[in-house]
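The chain contents come next:
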Amino acid sequence: MAARVDALFYFLVAVSVFFSTLIFVLIIVFAIKYRRRSENERPQAIPGNLRLEVLWTTIPLALTMVMFVWGAKVYFDISYPPIDALEISVVAKQWMWKAQHPEGQSEINELHVPAQRPVKLVMTSQDVIHDFFVPAFRVKKDVLPGRYTTVWFEATRPGSYRLFCAQYCGTQHAGMVGRIVVMEPSEFQAWLSGGAAGVSMAGAGETLFQRLGCAACHLPNGTGRGPSLVGLIGKKVRLQGGGSVTADEGYIRESILHPQAKLVAGYPPVMSTFKGLISEDGIMQILAYLKSLNREEGTEGKK
Amino acid sequence: MPETAAAHAHHFDDLEQQHQASWLGMWVFLASEIMFFGGMFLGYTIYRTAYPQAFADASNHLDVWLGTVNTAVLICSSFTMALAVRAAQLGRPKPAILFLLLTIVLGAVFLAIKFTEYYAKFIEHLVPGGAFVYDDALAAAAEIFFSFYFAMTGMHALHMLIGVGLLATLIVKTARGRFSADYYTPVELIGLYWHFVDIVWIFLFPLLYLMGRHFG
Amino acid sequence: MTEPIAERRRHYLNVHYGLTSWLFTTDHKRIAWLYLVSVTFFFFVGGLFATLIRLELLTPQGDLVQAETYNKLFTMHGVTMIFFFLIPAIPAVLGNFLIPMMIGARDLAFPRLNLASWYIYILGGLFTLTAAAAGGVDTGWTFYTPYSSIYSNTHVAVTVIGIFITGFSSILTGLNFIVTIHTMRAPGMTWFRMPLFVWAHYATSLIFILGTPVIAITLSLVALERLFGLGIFNPELGGDPLLFQHLFWFYSHPAVYIMILPGMGVISELITCFSRKRIFGYEFVAFSSLAIAALGFLVWGHHMFVSGQSVYASMIFSLLSMLVAIPSAVKVFNWTATLYKGSIAFDAPMLYALGFIGLFTAGGLTGLFLATLGVDIHVHDTYFVIAHFHYIMVGSAVMAYLGGLHFWWPKMTGRKYPENVARLAAVIIFLGFNLTFFPQFVLGYLGMPRRYHIYPPEFQVLNVLSTAGASILAVGYVLPLVYLIGSLRYGAIAGMNPWNARGLEWQTPSPPPTGNFDVTPTVVEKAYAYESLEPEILYPPGGRAADA
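Chains as they are written, first to last, in our numbering: chain W, 1 to 303; chain S, 1 to 216; chain A, 1 to 548.
The following block holds chain W by itself, in its conformation from the complex (with noise of 0.2 angstroms):
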């Protein structure tokens, strides 16, 4: 993907190249072989040439056309992550960087990844809006509150990377930097497997779906006081009051922080908000649970 994002910003820097040369040219040739020579001169008037102006607009719309259509290629697949990516949690706050793999391992201000795989992050802010930016990997998303954004990128070539925090955060936001660190995929094994790895985020999860009750509710067979949650993500869930919506990712945070936002169809509206009893990092543990409900059940949700 880097490979395509340079190509095309070196075609930009041809064409600009191209016509600023061009026009530079113009000026001085035009500036040297017309210059004043006696103050009585009296140029004919050339009011115009509607050919000429046909040629230097529609010439620069092709041109821009061209951009337009290769940008939007590879904006279009930079903006979706392939469905085997391996998927890690990012939660941002002024002002540092936490990941959390599946396996469990926490990280900050650093991330470690396999090379040869994509790998998509999933991120949230706790405060303020963020940006993840990886010069070396020419991907860059805003880290919002509220919401989850996803970037992702295939690392190449092992070694350390740059992080930047590219959207002003406060105070320290140049300081909010960090590294990512490619290794073999050996080796991202074997560092997985050391170090206190301990739970996995997706037992973290069930640990905290029974601590905080969700169990009590979201039986699993659905005769619970709320729905079932067994391959809930990525399903379609009619609300009440009509319409639908795609149950993901986004969605489930927005229920556990306000449950009647989105309630569903034909449950009551029981449920009490879970704002500051659960983090965000423990919502995407929840989120990780979730999700390998689906892949036991073996029903993965669409998209």
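Read the hints as simulated data drawn from the structure, not as lab findings. Accuracy of the hints is not assured; some may be wrong.
To be verified - If you want the footprint, here are the derived chain W segments under chain A, 3+ residues with CB under 8 angstroms:
#1 38-45
#2 210-216
To be verified - Derived lysine-lysine pairs resembling BS3-like cross-links, with alpha carbons at most 30 angstroms apart:
#3 W:120 to W:73
#4 A:416 to W:33
#5 S:121 to S:173
#6 S:121 to W:262
#7 W:120 to W:93
#8 W:120 to W:236
#9 W:235 to W:33
#10 A:526 to W:33
#11 W:120 to W:33
#12 W:275 to S:114
#13 W:120 to W:235
#14 W:33 to A:341
#15 S:114 to S:173
#16 W:33 to W:73
#17 W:98 to W:235
Just so you know, even glycine gets a beta-carbon here, dropped at the ideal spot from N, CA and C.
Given chain W, work out where chains S and A should sit, using these hints.
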């Protein structure tokens, strides 16, 4: 009998040019006002679409009867304003002053009713900010509704207040004989402004008071 | 020499003396001077902030100022330069002075409103300066929520109120221009005989009227949110921070066209005069100004490609952003074609104009990089963006302002400035500018983010180059301040038309009388009729047009 013919300002060629310029100036100003209120209408619409239940619920806390009376009051005030402009156009200062006065009175009635509504909301703890109290599930979105309610009607009321002030100056000027059938431009243009403020209310009222309302 | 003649004649500068004659004037020319002094003040205040920024960035560590101070510096630099210098400068100084004269009018349509505009501008400026003195703001001039509405502990409310107030100054100026151009053109001055300077200001005024109110209401909502704890932009309370971005950029993108269109108008005047030739493609240049104003309202989302907005919205904004580039390209080609077979002189205004064309071309082309989705992801919020907009705002707009100021200086003051020093200053500015900002394109591509007071050491060399350039640029800006003020006393007396230019403003004495024209002129031919030997307007005999 016409008063002394009004002289045009020195930088204009004639009265006609001055009138044209003033007229265009007021319309351009109103265009900027449309964009000003438009920003708030846009924000309101977006949140209404996002939280239809909460907004409908919150809207029902507004006093629709007071709102209706206010709408009627404003429409009448536009009528009296139009009569004032007509009187000025005919060069008749006494009826002009009378209708301007009536317009001010109606405007003041509107503002008084608005103040009553605001006070009621204050007592009911529906003013956004620290003292806001609402049913938990819908509180956040309802507070947004009331934020827009106060911002939009507050901005509108401010415009009304300015309008009342302008009308007062018109009365003074009319009494001093500054207008005639040949020159009554300020009356005409402030009339335009007044009608505009009225129209803004015509949009505000249904959006804030009537959508999702249950009667009885 | 013939010095005494100009002194004895009454004109707008000497017709009344005393502070009150200035502070209560309704003469558009005097109001232009009020603005000139004010915007110059704000320019150097903003320049001071920039100096401190560039000094801090000489080293990778934060060793000159603390992080919080640096954040305030770049915020105040942006706020001051954009709202108190760039947006008013050309329209309120040159536009105010020239538009009535260029169309043959005695003043703007609403002279008292014009004065009110200035007072409103000063009031807004006072609010913002107070906020700066009391400790400043650190949100960035873009005031993104929720940082600005909840988290920042700085004087956000006072600053945005200042900007809100100043916005009304813009709206009223735009209103004045639109009405004046529609209703007060002299006989024979049809729309298509107007100078392109006037067309450019007309298009700018449309943006003033339709765009500024939106930023006014947006900033009001931020202030209310801070003061009363509303939740409109706070995700914790159900609000949407992206809504702020949409509302903010809906104005702030057209605002950048407010900042450049008047400059383009100036360039049309300079190129024609100093090539002594009609503009090539008059209608195309005129309509391109309107096209830029119209399309400029449709592209705001290109500031939000990585914000989390939908992919499809981003695509639409990218497409439209490509379209808005086209009319600007058309202008550049037409200006260049005007040089062809012209008679080109290299006085200081022309040096600024030629520099403008080059730098605007570079700045505009780099805008395409940002409009291109695939590339913007990489360079968004990096020094590439900073370089791009400084090429337009400083390399183009400020140069156009200086070029125009020099060009019309003899008309405004009756004095000439020293030509050789002026040419030197123009060259210094051009070179200093490029050294300051070209390295920043590279910095951005390499990944240095904006609004960073510390940075990885591999970025240092480029930063040092940039700061070196800034010091040269500073010299270039101080020179005109000194010699223009000096020319008021020591400059050679200027005649009615020292440049032999076409245009109604050159048919009045320098400086002009208060009413510009004692008799309303009748226009008989198109703008820029440099090939003609005929007089430009019909004056009855005995009119006071001829002088020196």
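Hint check:
1. 38-45: holds (count 5)
2. 210-216: violated (count 0)
3. W:120 to W:73: Given pair residue 120 of chain W, residue 73 of chain W holds - Cα atoms ~19 angstroms apart, limit 30 angstroms.
4. A:416 to W:33: holds (28 angstroms)
5. S:121 to S:173: violated (39 angstroms)
6. S:121 to W:262: Between residue 121 of chain S and residue 262 of chain W the Cα gap is close to 28 angstroms, so the pair holds against 30 angstroms.
7. W:120 to W:93: It holds: about 19 angstroms lies between the C-alpha atoms, which stays within 30 angstroms.
8. W:120 to W:236: The hint holds at about 23 angstroms.
9. W:235 to W:33: violated (71 angstroms)
10. A:526 to W:33: Distance ~27 angstroms between residue 526 of chain A and residue 33 of chain W Cα, so the pair holds.
11. W:120 to W:33: violated (59 angstroms)
12. W:275 to S:114: violated (36 angstroms)
13. W:120 to W:235: holds (20 angstroms)
14. W:33 to A:341: holds (8 angstroms)
15. S:114 to S:173: This hinted pair holds, its Cα atoms lying about 29 angstroms apart.
16. W:33 to W:73: violated (45 angstroms)
17. W:98 to W:235: holds (29 angstroms)
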